[in-house]
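**Q** Sequence:
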Amino acid sequence: MPELPEVETVRRGLAPIMEGATVERLELRRPDLRFPFPDQFAEFLEGQQVVSVGRRAKYLLVDISNGQVVIMHLGMSGSFRIEEDAIGDTTPGVFHHEKTRLAAHDHVTFHLRQQSGRIARVIYNDPRRFGFMLMCKRSELVDHPTFKNMGVEPVGNALTPDVLAQALLKKGAPLKSALLDQRVIAGLGNIYVCEALWRSKLSPKRKAGTLVKASGKPTDRLVTLEKHIRDVIADAIKAGGSSLRDHAQTDGSLGYFQHSFAAYDREGAPCRHEGCGKSISRIVQSGRSTFYCSSCQR
DNA sequence: CCGACTACCTGCCCGC
DNA sequence: TGCGGGCAGGTAGTCG
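Numbering (the numbering used here), first residue to last: 1 to 298.
It should be emphasised that the hints constitute simulated quantities derived from the structure, not laboratory data.
Hints are supplied without guarantee of correctness; some may be wrong.
[What the hints assert, rightly or not] Taking lysine-lysine and the BS3-like style, the derived pairs with C-alpha atoms no more than 25 Å apart in a straight line are:
1) LYS170 with LYS227
2) LYS171 with LYS201
3) LYS205 with LYS278
4) LYS170 with LYS201
5) LYS227 with LYS238
6) LYS201 with LYS213
7) LYS137 with LYS170
8) LYS227 with LYS201
9) LYS213 with LYS227
10) LYS171 with LYS137
11) LYS238 with LYS171
12) LYS201 with LYS278
13) LYS227 with LYS217
14) LYS207 with LYS137
15) LYS148 with LYS170
16) LYS217 with LYS205
17) LYS238 with LYS170
18) LYS217 with LYS170
19) LYS217 with LYS207
20) LYS205 with LYS227
21) LYS148 with LYS137
22) LYS227 with LYS207
Sequences and hints are given; from them, build the entire structure.
**A** Below, the structure written as structure tokens:
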């Protein structure tokens, strides 16, 4: 499921449940996902309090009271769901834990006690196991190999036409591939790159560097692209992300941005640009599907 | 250094 | 109905 808007939606679901809660127990049902879980993962977390649930690009960052950060990536098929026990068991010393109803591919459970005394479980499910969980000291996070060369966020003030121009300068790669590169902009994935290029009427096949002037300044078309990248990400976050293949949010509800796709997964369907009349094509670039209108995207 | 390709893993959908 | 092939939102490692 997860590009930046989906991960942000997950973050917003987890934060009110996890922040301030104590991890009573971490339950791992296998030794690894894509990578082995960190050494002493459970020992580091159990008894600690969750300080905050943040996000960088497509990564969730859970700050822990002992100064560690849990780094979580959902891969292609990772999701979280929350189970909260009914109120009424908050008497000190009374530990009434309801039983988790496990599903296939439930790999991790965070057993939490909230400050109210309420019991909650945060359960990570990931059929393909492309997701992973890492841990490091908060003070070392920016130097962590995962984040060291990461590009700017497309939300907030970091992304500007000038920043994008610098990142694309002299790049010979197709624009589509360049925008998927997390060192350029961090958090874009296949869906939102296709959508941003369609909105900008830019060809995914165009060499990325052609949007930068010799002076290193952005062309007008790059200014437009930068705006559409910000817009499509903001629109998707507002919609609660995209729910493909029945992917649900932490509360089980579905995002609805997939109903707003103009290009992604619309092969053969009519292009929605005013007066175009052509249909959306599917091509493969760097081994990934690109959906675009070969008539109006130039 | 850059860009293209492959592996990783399960599930689903389609055509035969 | 069953089976094989292709495809899926991701990253990381390899190779030319």
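**Q** Take the hints in turn and mark each one as holding or not.
**A** The hints, checked one at a time:
1. LYS170 with LYS227: 21 Å, holds
2. LYS171 with LYS201: 20 Å, holds
3. LYS205 with LYS278: 18 Å, holds
4. LYS170 with LYS201: Distance ~21 Å between LYS170 and LYS201 Cα, so the pair holds.
5. LYS227 with LYS238: Distance ~16 Å between LYS227 and LYS238 Cα, so the pair holds.
6. LYS201 with LYS213: 19 Å, holds
7. LYS137 with LYS170: 36 Å, violated
8. LYS227 with LYS201: 13 Å, holds
9. LYS213 with LYS227: Holds - the C-alpha atoms of LYS227 and LYS213 are around 18 Å apart, at most 25 Å.
10. LYS171 with LYS137: 35 Å, violated
11. LYS238 with LYS171: 32 Å, violated
12. LYS201 with LYS278: 13 Å, holds
13. LYS227 with LYS217: 16 Å, holds
14. LYS207 with LYS137: With Cα atoms ~39 Å apart, LYS207 and LYS137 exceed 25 Å; violated.
15. LYS148 with LYS170: Answer holds: LYS148 to LYS170 is near 22 Å, not above 25 Å.
16. LYS217 with LYS205: 21 Å, holds
17. LYS238 with LYS170: 34 Å, violated
18. LYS217 with LYS170: 12 Å, holds
19. LYS217 with LYS207: This hinted pair holds, its Cα atoms lying about 16 Å apart.
20. LYS205 with LYS227: Holds - the C-alpha atoms of LYS227 and LYS205 are around 20 Å apart, at most 25 Å.
21. LYS148 with LYS137: 14 Å, holds
22. LYS227 with LYS207: 19 Å, holds
In this structure, the earlier hints numbered 7, 10, 11, 14, 17 are contradicted, and the remaining ones agree with it.
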